[in-house]
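Chains as they are written, first to last, in the working numbering: chain A, 149 to 487; chain B, 11 to 512.
Derived by calculation from the structure, the hints in this document are not laboratory data. Incorrect hints may appear among the rest.
Here are the computed lysine-lysine pairs in the BS3-like style, where the Cα-Cα straight-line distance is at most 25 Å [claimed, not checked]: (1) B:K128 - B:K196; (2) A:K462 - B:K146; (3) B:K275 - A:K462; (4) B:K196 - B:K243.
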Amino acid sequence: MLKKHSLPRATTSFVFLILLFIGVGLINSSFLTLQNIMLNLNSSVIYTVVAIGIAFVIITGEIDVSVGATLGISAAICGTMVRDGNPVQGIIIALLVGLFIGLFNGFGVTVLRIPSIIMTLGANGIIRGMIYVYTNGKWIENIPLEFKALAQAKFLGIFTWFYFATLVAMVLIYLYMTRTRTGRYFKAVGDNPNGANLLGIPVVGTKIVAFVLCGLFASIGGIMYVSRVGFITPIAGNGYEMKVIAACVLGGISLTGGVGSVIGATIGAAIMASISRALVFLGFPSDYDNTITGILLIVVVVFDSVLQITSAEKVRRQRLSAKIVHAEISTPEAVENEK
Amino acid sequence: MSDKVHESMLSVRNIFKAFTANIVLKGIDLDLQAGEVLALIGGNGAGKSTLMKILMGIYQPDAGEIYIAGNQVKLSKPSISLSQGIYLVPQEPMLFPNMTVEDNVIMGFKENPKQLRKRLLELMEQLDWRIDLSRKAESLSIAEQQLVELLRGLMRNSRILILDEPTSSLTFNEVKSLFRIVEDLKKKGISIIYITHRLSEVFMIATDVAIMRDGVITLNGPVEQFTEDMLVKGLLPENAKSKKLKQKAEAIDYSNAEPVLTVDKLCGHGFCDVSFSVFPGEILGLAGVVGAGRTELATTIIGRDEVLSGNVFINGRNITGQSTRKVMDNGISYVPEDRFLNGIFKISDVAANSSASNLNNMGHLFMNFNQERELTDHYVNAFRTKVTGRSQEMGSLSGGNQQKVVIGRALAIKPKLLILDEPTRGIDAAARGDVYDIIQGLKAKGLAILLISSDMEEIIELSDRAMSMYCGRINKKFSKNEITQDSLMTAAFGVAEEASNA
C-alpha cells in the first residue's frame with residue numbers, strides 16, 4: 149500500500165486477495181482449490197452488487213449507511229411476491245423501492261444539505277421499521293424452488309450466472325465512469341465540488357444520480373438475496389453497510405471522494421466474502437467476522453488519512469516557503485539583467 | 011455609448027456594489043483592449059475581488075453596465091461568463107487533485123475526448139508549453155497548476171484572462187516563466203487583467219495599470235506614464251497628507267528597558283530571518299500585505315507551527331519550539347486574524363468563550379463557575395461589551411463585541427505579551443474606537459503588544475515603533491516619527507527594499 153502513487157490501489161488489493169488465499173491455503177490446503185476459490189467469488193456476489201452501488205456515492209464524496217436496510221426491504225417485498233406467485237411484479241416493485249430510497253437520500257443530502265451520514269442513518273431507521281410493519285416481524289419462507297435455483301445456475305460450469313452478470317455490469321460501469329462525459333462527473337464532483345461547479349458540472353444532479361444508483365443496486369442485491377438465501381428474516385441485510393463500505397475502502401476508494409473504481413469495489417467485496425469463509429477454514433468461530441472487518445476498515449482508513457495529512461502539510465509548507473524572497477536574486481534589477 | 015466601448019475587448023461602466031450597508035464598489039469604469047495586460051493594484055478590501063467576482067458572474071452588480079467586444083452583456087452566472095470568453099485563474103488553483111493533467115483540462119467539455127486531446131496538443135505546440143499530461147494534479151507545483159488553469163481557459167477560447175495574484179506562491183524562476191507565458195498570451199491578442207500586490211511586477215509585465223482604493227479607481231493609464239512612487243501615492247488615501255493624525259504619544263526611552271519578547275533570526279514556514287524585540291508598555295506595529303508571512307510569524311511564535319531556525323526569548327528565557335500551552339504559560343497570548351475560523355466558539359455562550367483559554371486555572375476536577383462568572387463580568391464591564399448576559403450565544407454578538415470577548419479571553423491568562431492579528435477587521439467604526447481604547451489602556455498598564463495590521467492608519471495611530479514585512483522578510487523598521495502612510499505603504503508593497511538595493 150506504500151506504493152499508492154505508483155500502483156493503483158485496486159492492484160494492491162488484488163495482491164492482498166491472492167496472499168489471503170495462499171496464506172490460508174498454507175494452513176489448510178483445501179482452501180486453495182479451484183473449487184473453493186470459485187465458491188468464494190460466487191458467494192461474494194451480493195456484497196459485490198451493493199458495493200458497486202455504494203461506490204458511486206463514496207466516489208462523489210458522500211456515504212450511504214442505508215444500503216443494508218434497502219437490501220432488506222427489497223428482499224422482503226420481492227420475497228413475499230415471489231412466494232405468492234408474482235415474481236416479475238416482485239422484482240419491479242423491489243427495484244422501484246430502491247430507486248425511491250435513493251431519490252429520498254439524494255434529495256435530503258443535496259437540496260436540504262443534510263450530512264449524508266445523518267440522512268442515510270435516518271433513512272436506515274425508517275426502512276428497518278417499515279420492514280417489521282410489512283412482514284409483521286415474521287420470516288418469509290417457502291420461496292419456490294425454481295426461483296432459488298436461479299442463484300445456483302452456472303455459466304461455463306464455474307461462475308454462477310449472477311456473478312458473471314455482475315462482472316459484466318462492473319466492466320460496463322467501469323467504462324462508463326472512465327470513458328464518458330457524464331460518467332467522469334462522479335469523480336470530478338468528489339474530487340473538488342467547487343472546482344466542478346465553476347466548470348459548469350451539475351454537482352447536485354450528479355450526487356442525486358449517485359444515490360439513486362446506490363439504492364437501485366442495493367435492491368438488486370435484495371432480489372439476489374431472495375434467490376440465494378431462500379428465506380428473509382426481518383433483519384436481512386443487517387451489517388451489509390459496514391461490509392460494503394469496508395469493501396470499497398479496501399479496494400482503494402477514498403472516503404473523501406474522487407478516488408477509486410468499481411473494479412476496486414469488486415475486489416474488496418471478494419476479500420470480504422473470503423475473510424468470512426477463511427475463518428471457517430482456520431477453525432475460528434465466524435463470530436469474529438465483523439470484528440475483523442471493522443479492524444480492517446479502520447486500519448485502511450487511518451493509513452490513508454495519515455498519508456493525506458502529511459502530504460497536505462508538506463504542500464502547505466512548500467507554498468509558504470515559496471513566498472519568501474531571496475534577497476540576493478529578487479530585485480527587479482536582477483530580473484532585468486537576466487532578460 | 012462612447013467609441014472606447016466599441017473598440018474595447020472589455021468595458022465596465024459605472025459599476026456599483028454594496029453588501030448590506032457597506033459600499034464596496036463606487037462607480038468603477040475600466041477598459042481593456044485586445045492584447046493588453048492591465049495590472050490591477052489595490053490594498054486589501056479595495057474591492058478588486060468583488061469586481062472580479064462580478065466579471066465571473068458570481069456576484070451581480072447593483073448598477074452599471076458591462077460590455078464585451080462592444081456588446082452589452084449580463085453575466086448572471088459563471089457559465090455565462092465562461093461562454094463570453096472570460097476565465098479567472100484563482101490565486102489557489104481549483105484543480106481536481108486526483109485526476110491527471112489531461113482530465114483536468116478537458117473536464118466539463120461536450121466534445122469527445124479524442125478531439126479535445128488533439129486540440130490541447132495543438133494549443134500546447136502553438137505556445138510551446140510542455141507539461142506531462144498524464145501526471146496527477148496533486149503532484150504539480152503551484153506554477154504548473156496555474157499552467158493547467160491557463161490551458162483550461164484557452165481551451166475555452168477565452169479572450170479575457172483574469173490572473174489573481176499569480177506570483178504570490180511562486181518561486182523566482184517560476185515567476186520568470188510565468189512572465190514569458192504572459193508575453194506569449196499578449197502576442198496572441200488575449201487580454202489579461204493581472205492582479206498583484208507587487209509594484210515591481212507592474213513595470214515588468216503590464217502595458218497598463220489601474221489602482222483601486224476604497225471602491226474607486228484612483229489612477230489608470232499606460233504604464234509608461236507612471237513611476238513606482240506615483241503608484242504608491244495612488245494607493246494612499248487622498249487626505250493622507252493633510253490629515254492631522256491623533257496626537258502621538260511621546261516616544262519611549264528604550265535605553266534602560268528590558269525587552270519582553272526577543273525574536274532572533276527566526277525562520278519558519280513562510281518567513282525567514284526575522285529579528286525584533288518588543289518592550290513593556292509599547293505597541294510594535296507589523297505592517298504588510300496579506301500573504302507577506304505575518305500571520306505565519308505569529309503562529310510560529312506561539313508554537314503552532316514549526317521553527318526552522320532562530321530563537322524566541324521571553325524575558326530572556328528561550329521558548330523556541332515549545333508547545334502552545336507552554337508558550338501561553340510563559341506569558342504570550344494571541345488574538346487570531348480570522349475570528350470565525352480560529353477565534354470564537356460560535357454556539358457557546360459568552361462566559362464559556364471568556365474562560366476558554368484559562369480552563370487549567372478554573373478548579374481542578376470540576377469547573378469553578380464562580381471564577382468563570384467573575385472573569386466574564388470583569389472583562390465585559392471593563393471593555394463595555396454589549397451583551398444581554400453571560401449566557402448569550404457568542405455567534406449572536408456583533409463583530410466588535412465578539413472581538414472584545416476574544417481580547418478579554420486572551421488577557422485572562424495574564425500575559426506579558428499580547429499578539430493582535432488584524433484586531434479590527436470587519437468591525438464598525440464605533441467598536442473600532444473602543445478596541446483602540448482597550449489596546450491603549452493595556453499598553454498604559456505595561457503590557458507589550460505586537461500589532462499585526464494591514465490597515466496603515468491603525469498602525470500609525472497605535473504604534474510606538476513599527477516594521478514592515480514583504481515576502482517573508484522584515485524589509486524596514488520605523489521609529490515613532492518615521493511612521494507615515496507613505497513610508498509604510500512604500501515598504502509594504504516592497505518598494506523600499508528595491509530602493510535600498512539600487
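Comparing the hints with the structure gives:
no.: 1; hint: B:K128 - B:K196; result: 23 Å, holds
no.: 2; hint: A:K462 - B:K146; result: 16 Å, holds
no.: 3; hint: B:K275 - A:K462; result: 23 Å, holds
no.: 4; hint: B:K196 - B:K243; result: 28 Å, violated
In summary, the one numbered hint that this structure violates is 4.
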